[in-house]
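Go by the hints and put chain L onto chain A.
Number of protein chains: 2
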Amino acid sequence: MVMDGLGDRAVKQLHWKTPLQAAVRPNLNWFAEHGSSGIVDIIGPGIRPGSDTSHLSILGYDPYKVYTGRGPIEAAGTGLVGKKGDVAFRCNFATVDDNMVVTDRRAGRIKEPDTTELVRPFDGMVIDGIKVVVKEATEHRAVLLLSGPGLSAKVSDADPHGSTKVHEVIPLEPEAKKTAKIVNAFVKKSYSLLNDHPVNLRRASEKQPVANILLPRGAGMFPEIVPFEEKWDMTGSCVAGVSLIKGIGRICGLDIVEVPGATGGLDTDMIAKAKASLQQLESRDFVLMNIKAADIAAHDGDAAKKVAVIERLDDMAGFLHATLPEDVVVAFVADHCTPIEMQDHSGDPVPLTIYCPGMVRDTGATFDEAAASQGGLGRIRGKDIMPILYDKAGRSEKFGA
Amino acid sequence: MVMDGLGDRAVKQLHWKTPLQAAVRPNLNWFAEHGSSGIVDIIGPGIRPGSDTSHLSILGYDPYKVYTGRGPIEAAGTGLVGKKGDVAFRCNFATVDDNMVVTDRRAGRIKEPDTTELVRPFDGMVIDGIKVVVKEATEHRAVLLLSGPGLSAKVSDADPHGSTKVHEVIPLEPEAKKTAKIVNAFVKKSYSLLNDHPVNLRRASEKQPVANILLPRGAGMFPEIVPFEEKWDMTGSCVAGVSLIKGIGRICGLDIVEVPGATGGLDTDMIAKAKASLQQLESRDFVLMNIKAADIAAHDGDAAKKVAVIERLDDMAGFLHATLPEDVVVAFVADHCTPIEMQDHSGDPVPLTIYCPGMVRDTGATFDEAAASQGGLGRIRGKDIMPILYDKAGRSEKFGA
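Order-wise, the sequence lines are chains A and L. The numbering used here puts the first sequence at residues 24 to 424. The numbering used here puts the second sequence at residues 24 to 424.
This is chain A alone, in the form it adopts within the complex:
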């Protein structure tokens, strides 16, 4: 149970409590009291994790070995999982003028169903023998997947990240010349396919910015990842609202569960996700559940909102307490801290509570950053979480006699 961005620092307006400490949280406290707590350096002390690298680490993968950039994760989030050696990019649908100068980097925050229509002309595209697949993502976003031999992810972005001319993609290593050439060709083709597309003609007539180009950025080569089931000899599912976490789940071979009401936003239906997770456990050995809301409130710098989200997370924990089967091992953890004051991820350790029957009772009776640091689990690493859960679940094999 990953409560995204949950951890925080002492906040002045909360009388130097953390949002977690300030929240009324009887159910999270119950798990802390009856379980064991600790603090976790998800990647390493002082290392600021992304939500992608952190989830890889929590699933027992070494992000330094398997994380190759955002592109493949975003692509997987939309359902596009490439083979090792394929290269994926994040893209924006954008608006350019006749001189290829970007006038709106998000094409008026265009979204489905327009984007769904706009990716159709790319069906079956091949450039220089390389298969090109485009898929729409959230709002104005899309992903580009290049499949074939001899690709490299060491290329610059076409996206100028501002209102200037579309950048020419530059190879950042000699072996990337072919890829850069293909991406440049792709960008030009996207303009020719999109500029007069019926959707854009309609948008122009409605005085909406046209989405007449696709701007790739954040190239990443698909890594070779041992599937979760092979790595842990467990079947697993992923219950998440946001595309990035679904991407991580999909790349690791978890089954992605679509839960009605799981929006990935502040309005997400947390209880529906908890219910779906318990249901998954009827046929699966493991569930990764992610709730994004606390992170969103923290990125907004809104302490009161983060406290309110945590109280809803606590209600969800209460639902789990009431319904959790006896043979389930549950871990409550954050993927990283998102301090209100920083409005971004920090490298602080995150609180963790593990609960199952028979846990040695440590002294902690509350769930928060400070109490967790006094807990019986001590200070561990993100990569230690899975082996501990695996052992608590009675699945680990003895090494030696």
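Just so you know, the hints here were simulated from the structure itself, not pulled from any lab data. What you were told as hints is all true, and nothing was included just to trick you.
Remember, identical chains collapse to one label, so a pair may be satisfied in a single copy or spanning two.
Cut-off 16 Å, straight-line C-alpha distance, at most; resulting in silico cross-link-like pairs (EDC-like, lysine to aspartate or glutamate):
1) K421 x D367
2) K35 x E349
3) K40 x D385
4) K415 x D64
5) K406 x D64
Fair warning: this is a prediction, and the values are worked out from it, not measured in the lab.
Only chain L this time, still in chain A's reference frame:
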């Protein structure tokens, strides 16, 4: 001072205390109060250690590098230490009928002095240029050591582990053909040497199962281990009752001390072992002491028995408290947890207390799993124990200036 299998989980019948928490333990508590405590992942978080791999780790060896299977450890336990490249097997004296079908896998739990007689005909045996040594072990067990060039441990077991025909040993890699041939020849020879052996003729006349074959299993190649004295620049002894721990000690080059009354069982004379350990320290720098009893009670799933064993361990700790010379650094630790409910080793961290004059007093005044997790040593690894003791003993060299 390794208290085998001491650590545990919260046990319902002990009102959710661990056996250690439930035991009256004033002396272990004294050491915790006057020393520093911590929890130890003997091999790694969530990793379930065997008693062999755990003791290797405690002695500062990396079990992933030096542990090659049970055979060499058992062989060393009987006193047979091979060179690197030699292959050792565990064996059972068993009973087979004329068709080589196993009728009693333990030959009526035959033991010394019968087994001592039965290994004599193997003296000086050589097969295909490979030296063959057989030595009796506890009860119906024996070990087989093959010495010479070109051996491999990648061979299957002759022991069918049931009442079926003796298995032909199969090479599990091409390089193992020679070894498999030798073991098959050895098994046949053992039948021809044992079937009409006077001991068996006597047993047959007494209606006892004859031990007319030796069934090798669990092949392991002797590893190259830097002797303890070379590794740590300390002389060392091993005071243990069970063969497996003696084997670890012997493989690491520790002197094995035979203590009258040290049975390796529940009835072992703990005070005698403590006395012997102190006596060793008069001429040795280091003693590894192991008491198996708590592990035995836990494998039996008997919480009350485990509590009673711990209270006897505490008496032993009291004896040490009263007699320990001032310049001795003592560590009380478990090699792994053996939770009553599991009746087997778990991957939970174990409690550790280190005592010597001048220890920083941490907050802990009791010795148990939860108190140790609050201790001043934090959460460390098994391989960290020796360097810490080494430094506390004033032996470590400065790194830098």
